[in-house]
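With the hints as your guide, set chain C onto chain U.
Chains U and C supply the protein sequences, listed in that same order. Under full-length UniProt numbering, the first residue of the first sequence is numbered 1, with each subsequent residue one higher. Under full-length UniProt numbering, the first residue of the second sequence is numbered 1, with each subsequent residue one higher.
Because identical chains share one entry, a pair is satisfied inside a single copy or across any pair of copies.
List of simulated lysine to any residue pairs, SDA-like, C-alpha gap at most 20 Å:
#: 1; residue 1: Lys138; residue 2: Ile119
#: 2; residue 1: Lys180; residue 2: Pro199
#: 3; residue 1: Lys91; residue 2: Gln39
#: 4; residue 1: Lys138; residue 2: Arg106
#: 5; residue 1: Lys138; residue 2: Glu122
#: 6; residue 1: Lys91; residue 2: Glu122
#: 7; residue 1: Lys138; residue 2: Gln76
#: 8; residue 1: Lys138; residue 2: Ile79
Just so you know, these hints were derived from the structure itself, not from any lab.
There are 2 protein chains.
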Amino acid sequence: MSLERNEPGSGKPGKVYLIGAGPGAADLITVRGARILAQAEVVLHDALVTEDMLQLCPQAVKISVGKRSGQRSTAQTHINQQLVECAAQYKLVVRLKGGDPMMFGRADEELRALEEAGIEIEVVPGITTALAAAAATKHPLTKRGIARSVAFFTSSTAPNQPEQMALPDCDTLVQYMGGKEAMATARRLLAQGRPPDLPVVVVENCSRSNQCIMRLKLSELEQGLSHFTGPVLVMIGEAFAARNPTDAGT
Amino acid sequence: MSLERNEPGSGKPGKVYLIGAGPGAADLITVRGARILAQAEVVLHDALVTEDMLQLCPQAVKISVGKRSGQRSTAQTHINQQLVECAAQYKLVVRLKGGDPMMFGRADEELRALEEAGIEIEVVPGITTALAAAAATKHPLTKRGIARSVAFFTSSTAPNQPEQMALPDCDTLVQYMGGKEAMATARRLLAQGRPPDLPVVVVENCSRSNQCIMRLKLSELEQGLSHFTGPVLVMIGEAFAARNPTDAGT
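Looking at chain U on its own, in the form it has when it is part of the complex:
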C-alpha cells in the first residue's frame, strides 16, 4: 500500500488519533480503535503496546516512542515534537497508548502540543488495566455495602514531587505501576489502621499470555513484590476477599 503523504507545502496537517490499546491482548482494543488502526499511515506506540496489537496495522509505519519510568522526562517533549511532525507528513496519525490514554498517560502534554500546532485530534478510549484485572480475577472493584468508591493512583517518579503523597481514602485502592512502591503503600495503610488481613490482588502482565495473578494480605504486601519484572497492578480492599474456598486458590 502506498502511503498518502501530505503534499509538501499543502499546509493542511493530518489528524491525530490518541487511541487506548487496552491492557495488552489484541482483542481488548475497542472496535473503533481497531478500525482506525487499520487505516493509519503511521503509528507512534508505547513500549507497553504488544506485537499482537501492532499486527492490527500492518500497513502503517511504526515508530516506537516507548519510555519507561526512570528515563529522563525530556523524552516526552521529543514525543510531542514527533507527533506534530508526523501530522505535517501524514493524513492519519495514530498515537497508540497502553491502557487508556486519559489516565496516567501524559495525554495532557501531547494534546497541548498538538492543539498549539493547530492539529485536529480525536481521542478513542481504551480498557484501563484495572478493569481488565478485575475481569481476569473475577473480582469487581465495587461491591454493594462493602466497596462504594474506587481510587486509581500511581507513584510519582518525578524529582520535584513529594514522595509521600497522601493515599486516597477510597474503599478500593488500585496502584498502577505498583511493583516497587506497593511495599511503601502497604506500610502506610497499616500505619493508618487498615487491617493486616486486608485482601490484596496483584496482577502482572494483565491479559497477556504471561499474565500472573497473586492473592495475598496487606501484611504480606508489606514484605515486597521483588520477584515481579513486568508491569504490575496492585489492588487492595475488602472487595478482593475470596467469594468461596475454590476461588482463593486460583
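Frame of chain U, contents of chain C only:
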C-alpha cells in the same frame, strides 16, 4: 438460525459471559466483546444498553433486565435467577452491562449466584463512562504535577447505607449517576475548602448521538443540574481546567 439449546437433562450448563458494553456507541465495545455477542444465543441486557449495540447480536434472544435506581433491590435477585435459568437452557449466554461490568454493576451478586450454581463464567471488560467522557471532552483525568489520583464513586440509594458517605480525597473526582446528587457533592466539597472556581465537567448521554457536555464551576454545580434527564457523569478537579480559550467554549 436455529438456537442450539441444551438437551433437557443433559446436565451440562452453558457458559455465561459478563460483557461490558461501554458507554453507548456501538463501536466502543471491545473487539472481544463484539465477537462473543455475535455468537450469543441469549443476551440479558441493561436498560442503558443501546439499540445500536443490540444490532451486534441479531441472532440472539434478547431479554431486557433493565432496572434504574429507585426500583426495588429485589429485582437483582430476579436477574441472578434468570441468568442461572438461561445457562441451563442455552450454551452461550451473555450478560451485557452498560460501561464496565466490574464497576458499579452489581457483578458480585451475579458472579456469586452463577458460581453457586456451578456455571462457568468469563468477564470481558468494557469502557467505563468516565474514560469515554475524558476522551469526548479531551480532558485527561490525570495531569502531571496537578492530578495524580482519580476516584470513581456513586451515590447510594440503598436504604441501609449512610447518606453522608465520606467524599474521596483524590485530585480528580468522578461521580457516576451524579445528576441529583452532584449538588450535595458540590456543597460538601465547598464546605471542605475546595475552591468555588474548581472546574467541573458534566457529560450526559456520553458517546451517544444526544451527548451533551457542560462546563461549569464548583459553585455553579452547587445550584444543581435539574435540566438533565439522561445518565449523567460529573467530573470535578483541576484536571478539567480549559487548556486554551477556544477550548472553554466547546
